[in-house]
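**Student:** Can you make the complete structure from the sequences, with help from the hints?
Protein chains in written order, with my numbering: chain A, 1 to 78; chain B, 79 to 524.
Since the hints were made in silico from the structure, they are not lab data. Please note that a few of the clues may not be correct.
[Stated by the list, open to error] Simulated restraints on C-beta separations:
| no. | chain 1 | residue 1 | chain 2 | residue 2 | range |
| --- | --- | --- | --- | --- | --- |
| 1 | A | Ala-56 | B | Ala-375 | 49 to 55 Å |
| 2 | B | Glu-367 | A | Asp-28 | 39 to 45 Å |
| 3 | A | Ala-76 | B | Ala-360 | 35 to 41 Å |
[Unchecked claim] Covered stretches of chain A (in silico footprint by chain B; criterion: 3 or more residues with CB under 8 Å from a CB of chain B, positions within the stretch not fixed):
| no. | segment |
| --- | --- |
| 4 | 16-23 |
| 5 | 33-43 |
Every residue, glycine too, gets a C-beta built ideally from N, C-alpha and C.
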Amino acid sequence: MSADALTALFAEVLNVPAAELSEDTSPDNTPAWDSLRVMELVAAIEDTFDLQLSTAEMMQMRSIGLARSILRAKGARV
Amino acid sequence: MHGVHLALWALEAISVERPAWAARVTLLDARFERPVYPGERVTLRMDTAAIDRLELSLWLGSLRVTTLRLALGAEPTPPTFAPSATPGARPVEAPDLAVEAMATLRGETDAWTPPGAAETLFPTLTRLRGSAFVGALCALSRVVGMQCPGRRALFSTARVSGLGGPLASEGAFAVRRARPHLSMVDLEVTLGSMSAVLRALVIPPPPPAPTAWVAQGRMPPDAFRGRNALVLGGSRGLGATAALLLAASGARVCVTWRAGRDEAEHIAAEARLLGADCVTCAFDSAAPEALPGALAAIPGAPFVPDLVLFFPTPRIFTRRADPFDAARFAAFAQVYVVDFARVIDTLVSAFGSDFALLTPSTSALDAPVPELLEYAAAKAAAEQVVSQLERRWPKMRCVTPRLPRVATDQTVSLVETEAAHAVDALRPHLLALVAPIAHTERELPP
Numbered sequence: 001m002s003a004d005a006l007t008a009l010f011a012e013v014l015n016v017p018a019a020e021l022s023e024d025t026s027p028d029n030t031p032a033w034d035s036l037r038v039m040e041l042v043a044a045i046e047d048t049f050d051l052q053l054s055t056a057e058m059m060q061m062r063s064i065g066l067a068r069s070i071l072r073a074k075g076a077r078v
Numbered sequence: 079m080h081g082v083h084l085a086l087w088a089l090e091a092i093s094v095e096r097p098a099w100a101a102r103v104t105l106l107d108a109r110f111e112r113p114v115y116p117g118e119r120v121t122l123r124m125d126t127a128a129i130d131r132l133e134l135s136l137w138l139g140s141l142r143v144t145t146l147r148l149a150l151g152a153e154p155t156p157p158t159f160a161p162s163a164t165p166g167a168r169p170v171e172a173p174d175l176a177v178e179a180m181a182t183l184r185g186e187t188d189a190w191t192p193p194g195a196a197e198t199l200f201p202t203l204t205r206l207r208g209s210a211f212v213g214a215l216c217a218l219s220r221v222v223g224m225q226c227p228g229r230r231a232l233f234s235t236a237r238v239s240g241l242g243g244p245l246a247s248e249g250a251f252a253v254r255r256a257r258p259h260l261s262m263v264d265l266e267v268t269l270g271s272m273s274a275v276l277r278a279l280v281i282p283p284p285p286p287a288p289t290a291w292v293a294q295g296r297m298p299p300d301a302f303r304g305r306n307a308l309v310l311g312g313s314r315g316l317g318a319t320a321a322l323l324l325a326a327s328g329a330r331v332c333v334t335w336r337a338g339r340d341e342a343e344h345i346a347a348e349a350r351l352l353g354a355d356c357v358t359c360a361f362d363s364a365a366p367e368a369l370p371g372a373l374a375a376i377p378g379a380p381f382v383p384d385l386v387l388f389f390p391t392p393r394i395f396t397r398r399a400d401p402f403d404a405a406r407f408a409a410f411a412q413v414y415v416v417d418f419a420r421v422i423d424t425l426v427s428a429f430g431s432d433f434a435l436l437t438p439s440t441s442a443l444d445a446p447v448p449e450l451l452e453y454a455a456a457k458a459a460a461e462q463v464v465s466q467l468e469r470r471w472p473k474m475r476c477v478t479p480r481l482p483r484v485a486t487d488q489t490v491s492l493v494e495t496e497a498a499h500a501v502d503a504l505r506p507h508l509l510a511l512v513a514p515i516a517h518t519e520r521e522l523p524p
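**Tutor:** Below is the structure:
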């Protein structure tokens, strides 16, 4: 999966145009990124990359950039 | 209200405005993004209208609450009217299962709706598509809310296909996947030609009410002996724990409640197990003038409060409509600032100012949390009120701890979140109410 595909995943789940997202996109600057969407985001990431995230990793994914770092650390090609 | 009701309302609107389109709906893809409560005004927007699809969204002010994508068949589907199934033919209330235990759950369901309900609530849609169509969609709500996951469910998404075929009044559901670490359940529902893939989240149960056992041994046995503690909003959460800790430490306690009479009585019964004198009393912080009379009615020795603890609160974690939700702030400020100030004025008028006061503030003032913006702003205002009380009434000792997130019914979260134990969070601040005031000795300059 290309790096852009992760942004596309966030765009799909958050229902926000991909062009409006960046590595700094976070719950602090994106109203759609609320606790319900967190669960959908994690589910979509787990399904797409065939991995499972721990609660600690979920809590650390406070931006798209941080999510990318965590996924790379788990061996995902993003 | 369940998202399916919103989807049906949107389909009714489309049926009125564009009946030819509504007659051709074969697939419904719904995403229920935020809750909507009865009485709220929702706006329907048509985002895309093509020959084979419609994309709709529902808005609460500037907040999108639901997104609907509809696929349209080439030809209109004739309406089908379901025979009335027998209501209650099978048990529908699900046991309160853990998500793990839902993994293999399956069962029957039906498209029963009360006679005339479809025609009354969605008249144009029912005329176009028939009561079977409405009943089939209502069945999805029934499965999620009453069968699996049940009453703690949050309906998240639904992909419903086969709406253009023959719909049945009876069908089945089966869980396809349960993910305990996400509190998430995916399930499938079939009713004749209709096949629906649903996703629901399961809100964890609230922590149990505190018991005497929680408080026993956690406080010095006599630190509050001879004191009368008025615990406003003490029927649950932090207030309930504070009441038990004070009772465990020798205080005579009055727990007030606004809606939770049974919970307050439970706390009083637990306090009595500790040997404490504990009574309950109905009280709404919005009507403080009733407080002296209510306290005067307490049997036994006159209850003159020399400890006052203020815990009334609106729900803290609620949906926000804007980056700064003024209505949400107003609700918090009404209780933490306006009601609080009036309660203290009333108590001072009735009993004088020689009492110790505890009202909790929040650590979100030190480490801002975006979703607590309005809550923290109201707590900051409350701190200002307290600082003025201390200046105005020098005998009044005020304790306003900035508490961290504490595990209570208010802080139940889908995501496992770090939260302090209520006893650990409260104990030092309760003891501060009766601690000797420290006087700093300073060497005077020569």
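**Student:** Run every hint past the structure and note whether it holds.
**Tutor:** Results for each hint:
1. A:Ala-56 / B:Ala-375: 49 to 55 Å: Since the Cβ atoms of Ala-56 of chain A and Ala-375 of chain B sit about 52 Å apart, the hinted range of 49 to 55 Å holds.
2. B:Glu-367 / A:Asp-28: 39 to 45 Å: For Asp-28 of chain A against Glu-367 of chain B, whose Cβ atoms are near 43 Å apart, the range 39 to 45 Å holds.
3. A:Ala-76 / B:Ala-360: 35 to 41 Å: violated (57 Å)
4. 16-23: violated (count 0)
5. 33-43: Since three or more residues must qualify, the claim that chain B covers the segment 33-43 of chain A holds, with 9 doing so at under 8 Å.
Going down the numbered hints, you'll see the structure goes against 3, 4, while the others check out.
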